[in-house]
Amino acid sequence: MKQKVVAFVAGVVFAVGLGISGMTNPAKVIGFLDVTGAWDPSLALVMAGAIGVHLVFAQWSKKAERPLWADAFVLPKRADVDGRLFAGAALFGLGWGTAGYCPGPALVSLVGLTTGALAFCAAMVAGIAAFHAFAGARRERANESASTTI
Amino acid sequence: MAFTPVSALIGGALIGASASMMLALNGRITGISGILGGIVRPQRGEVSWRATFLAGLLVGGVLLALAYPSALHAPSATPVALTVLAGLLVGFGTQLGGGCTSGHGVCGISRFSTRSILATMTFMATGALATFVVQHVLGGTS
Chain G
1 MKQKVVAFVA
11 GVVFAVGLGI
21 SGMTNPAKVI
31 GFLDVTGAWD
41 PSLALVMAGA
51 IGVHLVFAQW
61 SKKAERPLWA
71 DAFVLPKRAD
81 VDGRLFAGAA
91 LFGLGWGTAG
101 YCPGPALVSL
111 VGLTTGALAF
121 CAAMVAGIAA
131 FHAFAGARRE
141 RANESASTTI
Chain D
1 MAFTPVSALI
11 GGALIGASAS
21 MMLALNGRIT
31 GISGILGGIV
41 RPQRGEVSWR
51 ATFLAGLLVG
61 GVLLALAYPS
71 ALHAPSATPV
81 ALTVLAGLLV
91 GFGTQLGGGC
101 TSGHGVCGIS
111 RFSTRSILAT
121 MTFMATGALA
131 TFVVQHVLGG
141 TS
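Going line by line, the protein sequences match chains G and D. Just so you know, we're using this note's numbering here: the first sequence kicks off at 1 and counts up by one. Just so you know, we're using this note's numbering here: the second sequence kicks off at 1 and counts up by one.
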């Protein structure tokens with residue numbers, strides 16, 4: 001229960017932070033990414049502010065045995081750099097720079113019921129589902145070929 | 001767009017505070033694409049905290065709508081077809097690359113993760129590329 005309260009409060013704070021920072025305004029995001037146009041560097045400071053605060057806790061978590069209210073840290077374990085990392089990040093960036101929405105601000109913007117936010121979120125969920133369908137099919141093929149070679 | 005350093009820093013600090021609560025108390029990474037991905041493809045024991053976080057995100061959206069409505073009603077000038085294409089790319093790309101602006105850009109960089117630093121450099125570069133093409137080659141949306 002405590003952990004769910006944390007998740008809820010963190011969600012609220014995250015959304016308010018996105019709204020205040022300008023991240024929920026697609027034109028502001030595009031202004032930040034438009035380095036050859038009328039560049040607006042504001043959003044670099046959003047990252048600086050977020051990392052400035054979070055760095056302290058992220059580095060603490062490396063030394064801590066466990067989080068305060070849970071049994072263990074659940075952190076990404078992968079350290080290898082592969083083509084999927086670059087391809088995925090590249091595709092994400094292309095979408096982000098086209099519409100000016102990344103996942104968090106798009107979800108928060110659903111509340112505004114604008115056509116842009118609704119269309120973007122529906123397509124984003126479809127894209128996520130398409131990836132998992134594709135990855136699931138790949139895993140199945142891999143399992144089949146593994147069992148036939150044995 | 002006007003340069004807004006103060007609101008950017010304050011908003012960013014709140015995002016960092018949110019991610020820090022999640023990490024220090026719950027031991028979790030606050031990556032929105034990962035949280036959403038775990039709802040679209042549910043796994044046992046991994047759904048309820050994600051759903052609660054997303055509910056908080058929407059309640060935060062309602063607070064913004066009440067206190068600071070211009071944050072949510074900025075009209076998107078991007079044509080709907082292009083918006084849909086962008087959404088598909090963001091959904092697929094974040095799952096393939098294992099994160100977005102929050103998971104890689106904030107949480108991963110704060111942990112000094114090489115993967116996240118490289119991913120962030122990559123999506124910033126292709127984000128700028130897409131913006132260049134849409135705004136300056138295709139004629140622009142704003």
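Treat the hints with care, as some may be off.
Going by beta-carbon spacing under 8 angstroms, a handful of chain D positions derived as facing chain G [as the list claims (entries may be wrong)]:
id : residue
1  : Pro5
2  : Pro42
3  : Gly45
4  : Ser48
5  : Trp49
6  : Leu54
7  : Leu72
8  : Leu82
9  : Phe92
10 : Val137
Now the in silico label distances, taken between C-beta atoms and shown as ranges [unchecked claim]:
id : chain 1 : residue 1 : chain 2 : residue 2 : range
11 : D       : Ile117    : G       : Lys63     : 18 to 26 angstroms
12 : G       : Ala38     : D       : Ala81     : 24 to 32 angstroms
13 : G       : Lys63     : D       : Val6      : 29 to 37 angstroms
14 : D       : Val80     : G       : Lys63     : 45 to 53 angstroms
15 : G       : Arg139    : D       : Leu63     : 35 to 43 angstroms
16 : G       : Val56     : D       : Ala77     : 35 to 43 angstroms
These are computed hints drawn from the structure, not numbers from a lab. Just so you know, these numbers come straight off a predicted model, no measurement behind them. Where is the CB? At the ideal position from N, CA and C, for every residue including glycine.
Query - Enumerated hints in conflict with the structure, sorted upward - result: 2, 3 and 10
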